[in-house]
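Trainee: Listed below, chain by chain, are the residues.
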Amino acid sequence: MSNISYPKEDIRDLIDGKLPWGRLKYIMSHPKDDDRFDKYIEILQERVPWSERILLPLGEHLYVVQKGQERVVKCDCGHEYGDYRQNWKLGALIYARDDSDKLEEIYPGLHCPDPNLCEVREYYCPGCGSLLKVESVPVGYPVIFDFLPDLDAFYRDWLGRPLPDEKEHKDLTYEVTKKWGQET
Amino acid sequence: MESKGIGEGGKTLKQMNEESERLLQETGCYAGITKPYLLRDDPVKSELFHSRIMALLISGRETTKMISGSPFVREVAELCLGLYTAEGDNVAQSTGIQIHIRLMGDHIKWMIDKNYEEDVGIEDGDLFITNDPAISNMHPTDVYDVMPIFWEGELVGWVCTVIMEMDIGAVSPSCMPSANVERATDGLRFSCEKIGSKDRLRRDFEYRIENNLDFPDMFLLDRRGAIAANIRVREEIKKLIGEFGLDYYKKATRELIEEERRNQIARIRQRMVPGRYRDVAPLEFYMADKPVSWLAANRDTLRLIPIQMDILPSGKVVLDFEGTGEWGWHSFNVPPRAVWGALSVCLVQTLSYDGRGNLGSVLPFQIKSPPGSLLNPPEPRLLAFSNSWASVLDTFGAWTGMLGTAFYLRGFREETFNYRSGAGWQFYGLDQFGRKRAMIVGGTGAMGPGATGVCDGVDAGGWLATPEVDTGNEEVWELFAPLLNLSRRFDLYAVGYGRFRSGLTLSRMDIIHGTQQLFATGAIGCGTSGIIPNMGMFGGYPGGRQITMLVRYNDLRGLLDRREPLLHEIGNPAEFKSRVPGVVTRFTHMPPPIEAHEGDMFITAAPGTGGLGDPIERDPGLVKSDLDNGLATEEMAKNIYCVAATFDGKSKAWKIDYAATANLRQAKRKERLARGRPMRQWWGKARERLMEKNFDGKLVEMYQNSMKMSQPFTREFREFWDLPEEFSFSEGGKA
Chain A
1 MSNISYPKED IRDLIDGKLP WGRLKYIMSH PKDDDRFDKY IEILQERVPW SERILLPLGE
61 HLYVVQKGQE RVVKCDCGHE YGDYRQNWKL GALIYARDDS DKLEEIYPGL HCPDPNLCEV
121 REYYCPGCGS LLKVESVPVG YPVIFDFLPD LDAFYRDWLG RPLPDEKEHK DLTYEVTKKW
181 GQET
Chain B
1 MESKGIGEGG KTLKQMNEES ERLLQETGCY AGITKPYLLR DDPVKSELFH SRIMALLISG
61 RETTKMISGS PFVREVAELC LGLYTAEGDN VAQSTGIQIH IRLMGDHIKW MIDKNYEEDV
121 GIEDGDLFIT NDPAISNMHP TDVYDVMPIF WEGELVGWVC TVIMEMDIGA VSPSCMPSAN
181 VERATDGLRF SCEKIGSKDR LRRDFEYRIE NNLDFPDMFL LDRRGAIAAN IRVREEIKKL
241 IGEFGLDYYK KATRELIEEE RRNQIARIRQ RMVPGRYRDV APLEFYMADK PVSWLAANRD
301 TLRLIPIQMD ILPSGKVVLD FEGTGEWGWH SFNVPPRAVW GALSVCLVQT LSYDGRGNLG
361 SVLPFQIKSP PGSLLNPPEP RLLAFSNSWA SVLDTFGAWT GMLGTAFYLR GFREETFNYR
421 SGAGWQFYGL DQFGRKRAMI VGGTGAMGPG ATGVCDGVDA GGWLATPEVD TGNEEVWELF
481 APLLNLSRRF DLYAVGYGRF RSGLTLSRMD IIHGTQQLFA TGAIGCGTSG IIPNMGMFGG
541 YPGGRQITML VRYNDLRGLL DRREPLLHEI GNPAEFKSRV PGVVTRFTHM PPPIEAHEGD
601 MFITAAPGTG GLGDPIERDP GLVKSDLDNG LATEEMAKNI YCVAATFDGK SKAWKIDYAA
661 TANLRQAKRK ERLARGRPMR QWWGKARERL MEKNFDGKLV EMYQNSMKMS QPFTREFREF
721 WDLPEEFSFS EGGKA
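Same order as they appear, the protein sequences are chains A and B. Following this note's numbering, the residues of the first sequence are numbered contiguously, the last one being 184. Following this note's numbering, the residues of the second sequence are numbered contiguously, the last one being 735.
Mixed in with the good hints, there may be bad ones.
Unchecked claim - Partial pick of chain B residues on the chain A-facing surface, computed with a CB cut under 7 Å: (1) Glu123; (2) Tyr277; (3) Gly372; (4) Phe538; (5) Gly571; (6) Pro573; (7) Gly649; (8) Lys652; (9) Ala667; (10) Arg669; (11) Ala674; (12) Met679; (13) Trp682; (14) Lys685; (15) Glu719.
Unchecked claim - Below, a list of computed lysine-lysine pairs in the BS3-like style, where the Cα atoms sit at most 25 Å apart: (16) A:Lys179 <-> B:Lys685; (17) A:Lys18 <-> B:Lys655; (18) B:Lys239 <-> B:Lys251; (19) B:Lys239 <-> A:Lys102; (20) A:Lys170 <-> B:Lys316; (21) A:Lys25 <-> B:Lys624; (22) B:Lys368 <-> B:Lys316; (23) B:Lys14 <-> A:Lys178; (24) B:Lys655 <-> B:Lys368; (25) B:Lys698 <-> A:Lys102; (26) B:Lys239 <-> A:Lys179; (27) B:Lys368 <-> A:Lys170; (28) B:Lys693 <-> A:Lys102; (29) B:Lys638 <-> A:Lys102; (30) B:Lys652 <-> A:Lys32; (31) A:Lys178 <-> B:Lys685; (32) B:Lys194 <-> B:Lys65; (33) B:Lys708 <-> A:Lys102; (34) A:Lys167 <-> B:Lys316; (35) B:Lys251 <-> B:Lys65; (36) B:Lys652 <-> A:Lys102; (37) B:Lys577 <-> A:Lys18; (38) B:Lys693 <-> A:Lys178; (39) B:Lys668 <-> B:Lys650; (40) B:Lys316 <-> B:Lys45.
What the hints contain is simulated information worked out from the structure, not anything from laboratory work. Just so you know, these numbers come straight off a predicted model, no measurement behind them. By construction, the Cβ of each residue, glycine as well, lies at the ideal position given by its N, Cα and C atoms.
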């Protein structure tokens, strides 16, 4: 769509939030660069201490990686969360701010939500203790599966380089909760 | 004998519209343009053509601002102009509240469908007015002025201007009343009425306005401003046709739409990742304390709006609101077409921001709003819609975050952000000149948007409803209400923490002065209160609860006489009440109408949207910068960001102890690992509570309602919690 391309150093600084404002503004004001994703993945891959190929980042620390014939969610610390089609949160540690004391640590006094109605869930990586996601929902609401990527369509149809071992684009989360229920 | 139509080649507008829609269905391309060529063949000419259209729309908007007397128009520019094809399809829009791209076109299509061409008549110089949400609108206070454009006897297009009115003749406070639950209390509704001809307003229309509004001059001046803008655009378009030729004009305007449709799909494929994105917007409607005419409306209800966005391999996008709760007798229902308005205004701030946003921007999208739900109520003709924005703001605010997620994952972190709603006050009664009328406090748009993926959110940087936020001059707002503005300050505690934090919002304090009788009530954006919207991204926290308060000083006169300072900021929200020498009334939800007195201080503090990333990974340099600028406290630095900082009195700046900071951060990780529970353990406990229905009764009713509305929602809810088939919430819960 465009012939624009930026040096890898710019993309690195952009990721780190260190790109000078003038340059950032320039990038924001121009058509987007088609090769961004490849440079982005290259930089992210250089930074992780493991060798599995990153297929897609899922946030600040999580990635979908190719592990043999499987695609799993992995933290940059090395902790693995299982198949990318299961909500990775089921493999995290959770700290639910579900009473006033816990909520007021973040939201003091007038800004505190109603603990009878609202629960603020924090998901930590069991490997490194990073805070991966904060979820504010009504009490009792199912854990949100923020994003289930259609990886095969992405690589095949959008990037033009299909991935090996195509997987069905399907939410597998309920298989986990069903198993938990049977074991309860 | 069959009469000759006013459209192209003697066709009726209805014939033209049906043909255009058929071609879109058959080819997937707007107006069946499978091979656009005109704009591509001579790009210089096409650029000249498009920029001329943009310039005349924007100059039309400026014309309105010169004529109107309303601070909504003059100060915060709550208006926008659009150019449409003969069929009512948007070609281009001015800057401003770009919500109405498709919505104004819906009214043109409604007129076409109702055969206005024969039954009402559409002639050069005709003036139409419309605001009916049952046809299409965000809320009735947005009024559209519509004018046809003719060229040598043929209708070749339309120009429309939207203006938000301060007074629409509704029940008090008349702009966006919260206590209205029926159509009649929503104020004047115009369903594509012809109100003038030969470019002149009919005098009987003016009489109607003069006799039916508290503030008719403002309304009529807005009409004159809008009509002047429309005339200006119409005449400039005629010049354009004269220069470029009619054939080029008609083809090029249609190609602009088709090219934008194609570009939108290309942008989606370039900047996003296909797949399924999910979020939820829980909304709270507190009506038990509102004086209502329809007694059944006197109840508090919570409603879910689950949001699913499927980005398909084709690049098309489906927005599915399956599981959304039922409509109700309140003014927070959303007119069925309004979701397209919300989509439009989000798109011009996220994907279609190059000035070419038009109908083509939304054509790749499909919206599924369940019939009978809050987002698609039955018989909209019967309902009040004055506060539909409150429902839409946090829903589509969350959707901007879903788009932001897609941008971030694809590497375009600079485009990531999100929005949330805020609170405000409306007043009614006697102004400082003794006239009865509606008043609203401006400036609520100065919100703190979410963090981006590369820097903090912009302080007072904007909100979803308009890409061109301007709080206006306080001195002007003070002319329109018996208020003295005390302060507009950043509320530090309303931030959404994160590696990058949200922007901060301007809280405001106003004192009532110079009125004999005044009442106050909550304003737009009060759709959430007890449940904070889910706006944190990738480890960032959402901003906290919004604040609306009334302060009555014990001895205001004494304080003023002694020249002692009044409060100008909220400060630590845990200590606010103890700092006030008076009575503080804090409203836990959208305030009901209350009587205001001389010296009462009204406060709003809307929270920042959400942070991005783990707060303990925030660059200590950014924490220092916030401390130095008074935008964070030492307590926040230590407890949230885990940054050890001390104030150096000599240099009058904060110093960071990097070694101590590293220790604090390491300790925080250990603390998290110690207190975090494995999900399976937590899930089991949460499931037990669910089975016992050990919840607030409002939540029980909310879940019950979404289950009643949707089998897929019910199935997934049961599957996630592994609940038995027979499980339901129907037996009620703990009140």
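Trainee: Now tell me, hint by hint, if it's right for this structure.
Mentor: Going down the list of hints, with the structure as the test:
At about 44 Å, the closest approach between the beta carbon of glutamate 123 (chain B) and any beta carbon in chain A exceeds 7 Å, and the interface hint on this residue is violated. Because the smallest distance between the Cβ of tyrosine 277 (chain B) and any Cβ of chain A comes to about 5 Å, under 7 Å, the interface hint for this residue holds. A distance limit of 7 Å between C-beta atoms decides the matter here; for glycine 372 (chain B) the minimum to chain A is near 21 Å, and the interface restraint is violated. Hint status for phenylalanine 538 (chain B): holds, given a least beta-carbon distance of 4 Å to chain A, under 7 Å.
Using the Cβ-Cβ criterion of 7 Å, the hint placing glycine 571 (chain B) at the interface with chain A is not satisfied: the shortest such distance is roughly 10 Å. At a threshold of 7 Å, the smallest CB-CB gap from proline 573 (chain B) to chain A is about 4 Å, leaving the interface hint in force. For the restraint placing glycine 649 (chain B) at the interface with chain A, the shortest Cβ-Cβ distance is roughly 27 Å, beyond the 7 Å limit, so the hint is violated. Given the 7 Å rule on beta carbons, the hint for lysine 652 (chain B) is violated: about 25 Å separates it from the nearest Cβ of chain A.
With a least beta-carbon distance of about 10 Å to chain A, the hint placing alanine 667 (chain B) at the interface is violated under the 7 Å criterion. At its closest, the beta carbon of arginine 669 (chain B) sits 3 Å from a beta carbon of chain A; the interface hint therefore holds under the 7 Å criterion. Hint on alanine 674 (chain B) is violated. Least Cβ distance to chain A is approximately 9 Å, over the 7 Å limit. Taking 7 Å as the C-beta contact cut-off toward chain A, the hint placing methionine 679 (chain B) at the interface holds, the least distance being around 5 Å.
For tryptophan 682 (chain B), the interface hint holds, since its Cβ comes within 7 Å of a Cβ in chain A; the closest pair sits about 5 Å apart. The interface hint given for lysine 685 (chain B) is violated, since its Cβ lies 9 Å from the closest Cβ of chain A, which is over the 7 Å cut-off. Given the 7 Å rule on beta carbons, the hint for glutamate 719 (chain B) holds: about 4 Å separates it from the nearest Cβ of chain A. With a CA separation close to 16 Å, the supplied pair lysine 179 (chain A) and lysine 685 (chain B) stays within the 25 Å bound.
A hinted pair counts as satisfied when its Cα atoms are at most 25 Å apart, and lysine 18 (chain A) with lysine 655 (chain B) qualifies at roughly 21 Å. A hinted pair counts as satisfied when its Cα atoms are at most 25 Å apart, and lysine 239 (chain B) with lysine 251 (chain B) qualifies at roughly 17 Å. This hinted pair does not check out: lysine 239 (chain B) and lysine 102 (chain A) have alpha carbons roughly 66 Å apart, beyond 25 Å. Proposed proximity of lysine 170 (chain A) and lysine 316 (chain B) is supported: the alpha carbons are some 19 Å apart, at most 25 Å.
About 24 Å separates the Cα atoms of lysine 25 (chain A) and lysine 624 (chain B), which keeps this hinted pair within 25 Å; it holds. For the given pair, lysine 368 (chain B) sits about 14 Å from lysine 316 (chain B) by alpha-carbon distance, which is consistent with the 25 Å threshold. Of the pairs offered as hints, the one joining lysine 14 (chain B) and lysine 178 (chain A) is violated, with about 55 Å between alpha carbons and a cut-off of 25 Å exceeded. Our distance criterion of 25 Å between C-alpha atoms is broken by lysine 655 (chain B) and lysine 368 (chain B), whose separation comes to about 53 Å.
At roughly 22 Å between alpha-carbon atoms, lysine 698 (chain B) and lysine 102 (chain A) fall within 25 Å of each other, so this suggested pair holds. For the hint linking lysine 239 (chain B) to lysine 179 (chain A), the alpha-carbon distance of about 71 Å lies beyond 25 Å, and the restraint is violated. For the given pair, lysine 368 (chain B) sits about 21 Å from lysine 170 (chain A) by alpha-carbon distance, which is consistent with the 25 Å threshold. With a C-alpha separation of about 22 Å, the suggested pair lysine 693 (chain B) and lysine 102 (chain A) falls inside the 25 Å cut-off, and the hint holds.
Simply put, lysine 638 (chain B) and lysine 102 (chain A) have alpha-carbon atoms about 17 Å apart, close enough for the 25 Å limit, and the pair holds. Between the alpha carbons of lysine 652 (chain B) and lysine 32 (chain A) the distance comes to roughly 43 Å, so the proposed pair goes past 25 Å and is violated. At most 25 Å may separate the alpha-carbon atoms for a hinted pair to count; lysine 178 (chain A) and lysine 685 (chain B) meet this at roughly 15 Å. The suggested pairing of lysine 194 (chain B) with lysine 65 (chain B) holds, with an alpha-carbon distance near 24 Å, which does not exceed 25 Å.
Annotation: proposed proximity of lysine 708 (chain B) to lysine 102 (chain A) is violated, straight-line Cα distance about 33 Å (limit 25 Å). Distance check on the hinted pair: lysine 167 (chain A) and lysine 316 (chain B) sit about 21 Å apart at the alpha-carbon level, within 25 Å; holds. Proposed proximity of lysine 251 (chain B) and lysine 65 (chain B) is contradicted: the alpha carbons are some 32 Å apart, above 25 Å. Proximity of lysine 652 (chain B) to lysine 102 (chain A) is assessed by CA-CA distance (about 34 Å); at most 25 Å being required, the pair is judged violated.
At roughly 41 Å between alpha-carbon atoms, lysine 577 (chain B) and lysine 18 (chain A) are farther apart than 25 Å, so this suggested pair is violated. With a CA separation close to 20 Å, the supplied pair lysine 693 (chain B) and lysine 178 (chain A) stays within the 25 Å bound. For the suggested pair lysine 668 (chain B) and lysine 650 (chain B), the alpha carbons sit about 31 Å apart, so the restraint of at most 25 Å is broken. Note on lysine 316 (chain B) and lysine 45 (chain B): the hinted pairing is violated, with a Cα-Cα distance of about 30 Å set against a maximum of 25 Å.
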